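Here the protein sequences come in this chain order: A and B. Start counting the first sequence at 4; every next residue gets the next number (our numbering). Start counting the second sequence at 4; every next residue gets the next number (our numbering).
Bear in mind the hints are in silico, worked out from the structure with no lab data behind them. Remember, it's a predicted structure, so these values are computed and weren't measured experimentally. Careful: at least some of the hints might be erroneous.
Just so you know, same-sequence chains aren't split out, so a pair can sit in one copy or run between any two.
What the hints assert, rightly or not - PhoX-like mimics (lysine-lysine), calculated; alpha carbons at most 20 angstroms apart, straight line:
1. 31 with 134
2. 134 with 154
3. 19 with 223
4. 293 with 31
5. 230 with 131
6. 223 with 131
7. 131 with 271
8. 32 with 154
9. 19 with 134
10. 271 with 176
11. 154 with 271
12. 94 with 293
13. 176 with 32
14. 134 with 176
2 protein chains.
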Amino acid sequence: MEQVCIGVDVGGTSVKMGMFRRDGHLLKKWEIPTRTQEHGAYILEDVAASVQAACEEAQAAGQQVIGVGMGVPGPVESDGHVEVCVNLGWKDRFPARELSGLLGGLPVFCGNDANVAALGEMWQGGGKGYKDIVMVTLGTGVGGGVIVDEKIVAGRHGLAGEIGHIHVRNGEKEACNCGGHGCLEQVASATGIAREARRSLAASDRPSVLRQAGEQVTAKDVLDAAKAGDALALEVMETVAHYLGLVLAQVALTADPEIFVIGGGVSKAGPFLIDQIRRPYEEFLVISPKRPLLGLATLGNDAGIYGAARMVLG
Amino acid sequence: MEQVCIGVDVGGTSVKMGMFRRDGHLLKKWEIPTRTQEHGAYILEDVAASVQAACEEAQAAGQQVIGVGMGVPGPVESDGHVEVCVNLGWKDRFPARELSGLLGGLPVFCGNDANVAALGEMWQGGGKGYKDIVMVTLGTGVGGGVIVDEKIVAGRHGLAGEIGHIHVRNGEKEACNCGGHGCLEQVASATGIAREARRSLAASDRPSVLRQAGEQVTAKDVLDAAKAGDALALEVMETVAHYLGLVLAQVALTADPEIFVIGGGVSKAGPFLIDQIRRPYEEFLVISPKRPLLGLATLGNDAGIYGAARMVLG
């Protein structure tokens, strides 16, 4: 009987699921809506029912589901305790233990979604072939995941890989979601890039293709304009890349992975973004000509189900 | 037969050695000079002879040496390769493999000395009882070691734990040993603290007890004066603590250990130093009320032999 595993990525809107062979081949993927009513009381039941159906289908096809991995949008303590998951309405839960109970004792593993996505990119994405990677997700916010020796470094207080909240800039007046001022996320997230552009536009009368978008300018607008050579957009991206390079150098001098894997919406700018980051990154790492590589994520929104399934394999 | 292990800490002047029980009890310690002549060609032979003698002595006492751990002052790659150890004169060596050969195949493990010291503090020092610690050594330079799940995170390019070279201050004109400008080490090492004080003294005519030492002012002078309430010395320590707190917060947002263990000569200032660091550290970690503890190292110069011996236990 072929052994397979299931990866579950619980988001605030939908739960993505995938069934995988041990070699990382995705057999099928599907999703169900996330019922956040009544403090998310039904989420695990819904997941259990969907997994149960998939297990029965697998068995009919001569496959055995050996376990389930699950990524959740919040900190997961080392004993599996989840104190709070704002987007799901959860408080004081043990998701792995509870889901395993609903599945008749099937092994279930649970991790923070950003960390789990990093594990997915290590397994079958931009970090394939490496054992030590740090993933950086540049989306609405800036997230991260640290993988050492093929395992998630979760940290003891749910802070590992929270590189979006590393302080990089003094004098920032707006507060970050975390309560800090001057976090990387405030500059390098999609939201942050757009705000940097708005500030640059407001600060002078210089011509820029970004003026037509005005207040509605997006990170994609900025990246497209920078690629096309727009001077103001290039300056914004220089600032963004400066702080990203600084933080990647800091992380290299702490965890020293083989490769940084850059993902999230902003990373769709591709090699242009990597090239922008490379110069400041290397300037802040003059200590050594050997340093972690910079690469791009490749799994997109599927990184979560890949990483969740990979947790089952230990 | 009781099983014991030997820890070896190879320094530029002397090689410290210790024999330990599995429970971490130090049975005896001794040292031999480091012969750095001819590119350090004799160092491993000298270590082997001394270890051999200790093994025979142990056997006569009914003890069996199950292995040797060794810390060396330079980066050790994951395959055990040491490209260069400036202080020893070594180039292109495999110290663990070579020493094991000289000891008739006895298991030998090798790591970077700062990382090994961190493991020692985790085992029997300021990090005892914890599995995830980051050690920060404030000495002539600033070193560090990252321990996750009781194991050294060595990194793939010898950069893990090199937190002394994290960039913290713009506009620094003097270059750091690493070639960078504005590294933590330039502010927070003993050398850095003394320089900050010299700069402060030169920048104004304000009265300070440090004026009598003048150009000869040391980090200890600054710490003593700050403890005694000297305003200028307190300002210097505020700057130092600001950057230390910033870097500890950055490391917490990457590796999130249970505790930071602060060692090295500067840490002799004790709880006063920890109190100074705590405020900026917490300010840069407003994201979470739960964060890594701050503590002091307790093993002093013996951390290296403890950690080296601990490597034998896996």
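A quick look at each hint next to the structure:
no.	hint	in the structure
1	31 with 134	neither (26 angstroms within a copy, 39 angstroms between copies)
2	134 with 154	both (8 angstroms within a copy, 15 angstroms between copies)
3	19 with 223	neither (26 angstroms within a copy, 58 angstroms between copies)
4	293 with 31	neither (40 angstroms within a copy, 39 angstroms between copies)
5	230 with 131	neither (28 angstroms within a copy, 52 angstroms between copies)
6	223 with 131	neither (27 angstroms within a copy, 49 angstroms between copies)
7	131 with 271	within (19 angstroms within a copy, 45 angstroms between copies)
8	32 with 154	neither (24 angstroms within a copy, 36 angstroms between copies)
9	19 with 134	neither (25 angstroms within a copy, 34 angstroms between copies)
10	271 with 176	neither (29 angstroms within a copy, 38 angstroms between copies)
11	154 with 271	neither (27 angstroms within a copy, 36 angstroms between copies)
12	94 with 293	between (44 angstroms within a copy, 17 angstroms between copies)
13	176 with 32	neither (44 angstroms within a copy, 56 angstroms between copies)
14	134 with 176	neither (40 angstroms within a copy, 38 angstroms between copies)
Hints 1, 3, 4, 5, 6, 8, 9, 10, 11, 13, 14 from the list above are not met by this structure, while the remaining hints are.
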